[in-house]
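Please put together the full structure from these sequences, using the hints given.
Okay, so the sequence shown: first residue is 1 according to full-length UniProt numbering, each after it adds one.
This list has only true hints and no planted wrong ones.
Below, computed lysine-lysine pairings styled on DSS-like, alpha-carbon distance capped at 27 Å:
1) Lys116 <-> Lys176
2) Lys163 <-> Lys84
3) Lys163 <-> Lys176
4) Lys21 <-> Lys46
5) Lys32 <-> Lys84
6) Lys84 <-> Lys156
7) Lys56 <-> Lys32
8) Lys159 <-> Lys84
9) Lys134 <-> Lys159
Cβ-Cβ distance ranges computed for the label pairs, FRET-style:
10) Arg34 <-> Gln186: 40 to 48 Å
11) Lys46 <-> Glu148: 53 to 61 Å
12) Val71 <-> Glu185: 40 to 48 Å
13) Glu185 <-> Glu103: 39 to 47 Å
No lab work stands behind these hints: they were computed from the structure.
A virtual CB, placed ideally from N, CA and C, is assigned to each residue, including glycine.
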Amino acid sequence: MSGPKDNPGNRGSAESGKKNKSPMEEALNFLKHRMRTVSEMRERLKDRGYDPEEIKDTIQELKQLRYLDDVEYAQIFAGRSLEKGRGRLRIVRELEERGIDRETAENAVDDVSYEKGIDPFTAALQVARLEMEKLNYGRPQAGADSTEDQEEENRKIQKIGRKLARLGYSNSDVFKVMDRLRRDEQ
Numbered sequence: 001m002s003g004p005k006d007n008p009g010n011r012g013s014a015e016s017g018k019k020n021k022s023p024m025e026e027a028l029n030f031l032k033h034r035m036r037t038v039s040e041m042r043e044r045l046k047d048r049g050y051d052p053e054e055i056k057d058t059i060q061e062l063k064q065l066r067y068l069d070d071v072e073y074a075q076i077f078a079g080r081s082l083e084k085g086r087g088r089l090r091i092v093r094e095l096e097e098r099g100i101d102r103e104t105a106e107n108a109v110d111d112v113s114y115e116k117g118i119d120p121f122t123a124a125l126q127v128a129r130l131e132m133e134k135l136n137y138g139r140p141q142a143g144a145d146s147t148e149d150q151e152e153e154n155r156k157i158q159k160i161g162r163k164l165a166r167l168g169y170s171n172s173d174v175f176k177v178m179d180r181l182r183r184d185e186q
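Below you can see the structure in the form of structure tokens.
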């Protein structure tokens, strides 16, 4: 296996003085810091100027060694994201951005949600209630008697709804949570 092709855009003279790495050495170095997807690895090796055949062989060997496993990556990523309060849509999108196919991403989120007993509506409601506490912190507890108080509560609920949407919760869960918050505030 040969090293990276000569590329005038490489990192200059500091890089040129080093012995060229094999694609496997480059790949293992890339894996030192965290797990990677097959797509991320392919892109890294391509950017470093390795031949497509070398890239294919290296990725195949890494898969056999179980250093690259998109299903495991997706499940670990989904678990961590769910723990952070992110919703299904956002997690799937972020996995797709990392090169995981949609079906694998959706299955990972569903599997981890099931294993951990996470219901999307309940998770969204929990995030929303924490946000409402933050918005109300240090403010006197006023009833929703006046029109101004009702408008202020509605603004808070809308703000929370936008945050839930950004976190990747489905529209139906966001609207259900907003309805629940409105009922709780009455």
